[in-house]
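Student: Read off the chains here:
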Amino acid sequence: MSKRNVLWSWFWMFLGGLYFFLPLLATFEFSLKARKGVYSFLAYERVFADPLFLRTFIFSLEMAVFTALAGILLIFPTVYWIRLKLPQLRGLIEFVSMLPFVVPAIVLVFGLIRVFSGAPFFLTNTFTGTNVLLVAAYVVLTMPYLYRSIDTGLQAIDVRTLTEAAQSLGAGWGTILFRVILPNVRVSILSGSFLAVATVMGEFTIASFLVGIRAFGPYMSLVGQNKTYESSSLAIISFALTWAFIGLIQLLNRGRVQTQIAGAH
Amino acid sequence: MTYLLLSNLSKYYGNTLAVENFNLEVERGEFVSFLGPSGCGKTTTLRMVAGFEVPDQGKILLEGEDITLLPPNQRMVGMVFQSYALFPNMSVADNVAFGLSVRKMPADQIRQRVSEILKIVQLEELQKRYPYQLSGGQQQRVALARALAIRPRVLLLDEPLSALDAKIRVELRAEIRRIQQELKITTIYVTHDQEEALSLSDRIVVMNKGRIEQIGTPFEIYNYPQTEFVASFIGQLNLIPVQVVDRERGAYRIGEQTIQIEHSQRIPLSDQPKLAIRPEEVKLGKVDGWNQLTAQVRQISFLGAIVRIWLELEGVPLLLDVFNERKLELPKVNEKVTISFPYHACWVL
Amino acid sequence: MSNRLTQNSSNQRDARDARPVPSSLLNWLGVLPFFLFIFLFVFLPSFSLVSGSFQDRQGNFTFQNYLDLFSPSILSAYWVTIRISLASAVGGGILGFFMAYAVTLGGLPKGLRNALLTFSGVASNFAGVPLAFAFIATLGRTGMVTVLLKMAGFDLYDRGFSLYSFWGLTLTYLYFQFPLMILIITPALDGLKREWREAAENLGASSWTYWRRVALPVLTPSILGAMILLFGNAFGAYATALSLTGGFINLITILIGSQIKGDVLQNTGLGYALAIGMVIVMAGAITIYYFLRRRSERWLRV
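Chains as they are written, first to last, in the numbering used here: chain A, 6 to 270; chain B, 4 to 352; chain C, 117 to 418.
Chain A extracted, bound-state conformation:
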């Protein structure tokens, strides 16, 4: 490896590193300037003291957890079943899991509102109905990652042999799925869920049109319009959150590269 090559490599790393860290640094520095003339955590205190912060945070967290659960409940048995009985459908399912990329969040929410706010569903008339719609939308949005994680996990174990062994010992489908297969793909499912939760927590587009400031994303936006220091501290909190989730995922996966295409754009 020539010295000149290594120098170039450091150059690009430096450039990239600058790009990564400067905005974070600037935001953090800004968030500390709430009290005039001195660095303090005043902005953070104000944010944590805001009842709306806790309410929206918990709401989005709930939605995120529901999304992860619903998504797994939907996708895990399906992927398992396809691997076992209908391998010819694999290509189709992969295509379907890419659909959320083709139908971006803004278009999805447009269509969802058109279909479900009127007859015969009337989902948007109640909070519960809207929440259901929200979770459904998020399941669609996070489908690529959930599918990819679960599929990767199932690929690593011999699904057919495990199933046949369990069947020969008298197990029914439920037992097989949740007591035999699931424990072996725990890591993949967990990492997929974390990715889903991270996405939902900061999501803005769908949330703003369906639930408004009940969710965390729109709440952040509202704060940003009025209180600049608090918005910076919120940005840092949001970043730390994402960091925590992704860090957990990396810890679980150790080395495997996770790619995501759609996000909280």
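Since the hints were made in silico from the structure, they are not lab data. Glycine included, every Cβ here is placed at the ideal spot set by N, Cα and C. Among the hints, a few may not be true.
To be verified - Per label pair, the in silico range of CB-to-CB distance:
1) G307/C with E265/B: 40 to 48 Å
2) E50/A with F177/C: 54 to 62 Å
3) L72/B with K266/C: 53 to 61 Å
Following the hints, complete the assembly by docking chains B and C onto the known chain A.
Tutor: Below, chains B and C without anything else, positioned relative to chain A:
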């Protein structure tokens, strides 16, 4: 002047020894194999000749020229990799032509040379195919053709057949030897497969843990191994503990039975001397003038051309190989039999 | 004895015939929930948008909405969106490629690779509202970098730069684009076999020749495919643009968003046509991506 001289080559990775004190003189047109188990240093040595590793000590001289520190793209040695390493974005013809086009040979000359070489490896019709459309054996032929196209001074092969099916391996093996002899090209062949090394080489370098155990012709390596490692690594070998009766006269004792060997064996006696003899040298029955011992039959395995008989001699296992015949008469299991072997067929380690 | 053998096999045949037929139908039942979900929450909304886009204000069938997509204001919205997506895709692609190269083949310490991949995983997910805030704090009128540069004598805003402009938004998009590139292209770079380089050197090629004739051609489908993905990613982005520019830059997504909030186009059908137009662009992008990925996988399978 030796064509290729490897003198005192050593290579360390940190504190780990990869190769030490490697000395070899290769004649022009010779086919030499580096044979040994994984991790013995054979590939490292080959890569030093190719220029992908730099030795910590020693020299490499090719036709008198010191190439030890020369970068790999200036050495004019051709390398065939275990994984073929064909360029996936180029057709067979382009792959073979690569070395020539780098040297800026005129296009029509390139075309001619490529056809020539592809004819030698018998792949002419596949010129326009791409690597992903070829079988493993075909890819390996292309790799060979690509290395030969530049008319290298030395041909280096790094376990080229280990990724192939057994049947293709045997076919391709013979091909490689045929081509090497036709082109009279000096060749170094790395392998862990003894059958390959024994059948292809003019000489074999047996390596273990970074050092050379023995250099010799296949016959010498097999019949006159100089260390216990070489003796047991190559072929099947019986090792039976013995007690010394009279070392000068070559008299030894196995249990209550005595044997005689030709005392002109130069292998030094270790603390626990063992009798070494190949299974095919041991015969069933009494033969006059030979050592005769009594043993008990434990198991008989039919291996096709060979019938392998497992005996117990004074509590120690002994293998005996017999050529298969339709009307072969074999002893029964647990039968006590007499076995014989000549004085010169064995030695003591 | 032979009777017993044949008896056994005929017993087995009877047992097989006794099983319910066809079991394959039951198999399809297993995937019903999933397809039902997709139908309800992906296809139904999409079809609804499609049908809406072919209706005029009275509800009659018409192509007019699609024709209206070519009106100057909408065309310019498309053009701006395409330009921003292209700029951030190419910019992010180049920066991401070189960083991925630096950390795979560039001779940097091994630990840096994992660190970079982790950061890229986080950064590619850090978009939307908080990202906009972060860039305002960096390059806004009173942003840290702006202030620092002003102290060094270089006044960004005087020279015409503004974060709330095309290039400001592109710069912001780059924050999640180039990490995405790193994540996508790193496996492709890993797929460059060491032996190819050695074989090329062995045959007399210099480093540059190897890159020009082997490595870059092999990587090109992956690089192009990744950039297409980046393009699509930026094309569909909404939250970041809205938070940063408040809708000042008229992207297609912003336009659709305004339409959802209220009938700003005075023609709901046109809004639907816009949405479908966006889907067509994204579908095109992903088709090209798949085609390119197929090509590179075929080569790298060797």
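Student: Verify the CB-CB distance for E50/A and F177/C against the hinted window 54 to 62 Å.
Tutor: holds, 59 Å
Student: Could you see if the CB distance from G307/C to E265/B stays within 40 to 48 Å?
Tutor: violated, 59 Å
Student: Indicate whether the distance between the beta carbons of L72/B and K266/C respects the range 53 to 61 Å.
Tutor: Given about 54 Å between the Cβ atoms, the range holds.
Hint violations for this structure: number 1 only, all remaining hints satisfied.
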